[in-house]
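S.K.: Construct all of the structure, not just a fragment, from the sequences and the given hints.
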Amino acid sequence: MPRPSPIPVLVLTGLSGAGKSTALNVFEDLGFFCVDGLPASMLPKLVSLYEGQEVLPGKGLALGMDIRQQDFLRQWGQARQDLAQYDISLQVIFIEAELPELMRRYATTRRPHPLESEQLGLQQALELERNLLEPVRAEADLVLDTTHYSVHDLRRVLQEKWSYLEEQTSGLRVHIISFGFKYGPPKEADLLFDLRFLPNPYFDLLLRPLTGKDQIVADYVFQDESGKLFANKLMGFVLFLLPLYAREGRFRVTIGLGCTGGRHRSVAAAEMLFRNLKEQGYAVSLEHRHIEKG
Numbered sequence: 001m002p003r004p005s006p007i008p009v010l011v012l013t014g015l016s017g018a019g020k021s022t023a024l025n026v027f028e029d030l031g032f033f034c035v036d037g038l039p040a041s042m043l044p045k046l047v048s049l050y051e052g053q054e055v056l057p058g059k060g061l062a063l064g065m066d067i068r069q070q071d072f073l074r075q076w077g078q079a080r081q082d083l084a085q086y087d088i089s090l091q092v093i094f095i096e097a098e099l100p101e102l103m104r105r106y107a108t109t110r111r112p113h114p115l116e117s118e119q120l121g122l123q124q125a126l127e128l129e130r131n132l133l134e135p136v137r138a139e140a141d142l143v144l145d146t147t148h149y150s151v152h153d154l155r156r157v158l159q160e161k162w163s164y165l166e167e168q169t170s171g172l173r174v175h176i177i178s179f180g181f182k183y184g185p186p187k188e189a190d191l192l193f194d195l196r197f198l199p200n201p202y203f204d205l206l207l208r209p210l211t212g213k214d215q216i217v218a219d220y221v222f223q224d225e226s227g228k229l230f231a232n233k234l235m236g237f238v239l240f241l242l243p244l245y246a247r248e249g250r251f252r253v254t255i256g257l258g259c260t261g262g263r264h265r266s267v268a269a270a271e272m273l274f275r276n277l278k279e280q281g282y283a284v285s286l287e288h289r290h291i292e293k294g
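Numbering (this note's numbering), first residue to last: 1 to 294.
Errors might be hidden in some of the hints.
List of simulated lysine-lysine pairs, DSS-like, C-alpha gap at most 27 Å [unchecked claim]:
| no. | residue 1 | residue 2 |
| --- | --- | --- |
| 1 | K161 | K59 |
| 2 | K182 | K161 |
| 3 | K187 | K278 |
| 4 | K182 | K233 |
| 5 | K182 | K228 |
| 6 | K187 | K45 |
| 7 | K228 | K278 |
| 8 | K213 | K182 |
| 9 | K228 | K59 |
| 10 | K213 | K187 |
| 11 | K213 | K233 |
| 12 | K233 | K187 |
| 13 | K59 | K45 |
| 14 | K233 | K278 |
| 15 | K213 | K161 |
| 16 | K187 | K161 |
| 17 | K293 | K213 |
| 18 | K161 | K278 |
| 19 | K293 | K161 |
No lab work stands behind these hints, which were simulated from the structure alone.
M.R.: What follows is the structure, given as structure tokens:
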């Protein structure tokens, strides 16, 4: 069977200890040809091997790259320029976690950080790495914070998000996160909305076991005029902002919607926003971060 065009190329990068190797295993299981630790300068050369070929090894290429490679940042910038000559669909996934969690993971594994030295301790190395990789993060198609993820959570989320990345290979991408304020807001959010003013289904004993995915809960949340007005104004505000972000060259916008526990109000609003943006033609993904905790 002839190979579809363009060539799917996934680059997994991010902070050391955040879960890049685990993520790469997920894509290997999804049928990608995976290489970890590939020097960024080798990426265009690897792609060139498959240019014009009818058959790819699997669904495409999934490549792990990070600060372990000497001169990674300069090589990555040049590689992105060199890739312009090839017919590929390039997607960059940036994986990160909060500093205390990264330090805990390193303490558990007892492995040294790539930037650690006699002059630089673990915390300083982690902070330096985050600062160095900020330009790569800013251009990523998807940013995943694995602070509260188990290995199984990361696998599930990546499998869900891959379908989102497959949908559209260019243009602004929107990621919506519902969350509970008592567990902490998502640090990656560009826009953050506090929904604790809406009617709370938690206090209805019949609705408490349900979630914002259930229509009866959504109806309860948006039952009065203020709820309906908020939903309309939220949608209008987001639709006003997104073209402005796109005009400024943004690759991705993350929207956080929060309530107390992250199970009812924020989930209902996130589902509503997700459906409407899909209908408007946006490449949009949805994550209910605390739905099982709320």
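S.K.: Taking the hints in turn, state whether each one holds.
M.R.: Evaluated hints:
Distance restraint check for K161 and K59: the Cα-Cα separation of roughly 16 Å lies within the 27 Å cut-off, and the hinted pair is therefore satisfied. At most 27 Å may separate the alpha-carbon atoms for a hinted pair to count; K182 and K161 meet this at roughly 25 Å. With a C-alpha separation of about 24 Å, the suggested pairing of K187 with K278 holds against the 27 Å cut-off. Straight-line distance between C-alpha atoms of K182 and K233 comes to about 26 Å, which keeps the hinted pair within the 27 Å bound.
Under the criterion of a C-alpha separation no larger than 27 Å, the hint pairing K182 with K228 is consistent with the structure, at around 25 Å. With a C-alpha separation of about 36 Å, the suggested pairing of K187 with K45 is violated against the 27 Å cut-off. For a cut-off of 27 Å, the pair hint linking K228 to K278 stands: about 20 Å separates their Cα positions. Annotation: proposed proximity of K213 to K182 holds, straight-line Cα distance about 20 Å (limit 27 Å).
Between K228 and K59 the alpha-carbon distance is near 44 Å, which puts this suggested pair outside the 27 Å criterion. For the suggested pair K213 and K187, the alpha carbons sit about 24 Å apart, so the restraint of at most 27 Å is met. Among the hinted pairs, K213 with K233 is consistent with the structure: their alpha-carbon atoms are about 21 Å apart, no more than 27 Å. About 24 Å separates the Cα atoms of K233 and K187, which keeps this hinted pair within 27 Å; it holds.
For the hint linking K59 to K45, the alpha-carbon distance of about 19 Å falls within 27 Å, and the restraint holds. For the suggested pair K233 and K278, the alpha carbons sit about 17 Å apart, so the restraint of at most 27 Å is met. For the given pair, K213 sits about 18 Å from K161 by alpha-carbon distance, which is consistent with the 27 Å threshold. Only pairs whose Cα atoms come within 27 Å are accepted, and K187 paired with K161 is accepted, the gap being roughly 19 Å.
Restraint check for K293 and K213: the C-alpha separation of about 15 Å stays at or below 27 Å, so the hint holds. In summary, the hint linking K161 to K278 is supported, as the alpha carbons are separated by about 15 Å, within the 27 Å threshold. Only pairs whose Cα atoms come within 27 Å are accepted, and K293 paired with K161 is accepted, the gap being roughly 21 Å.
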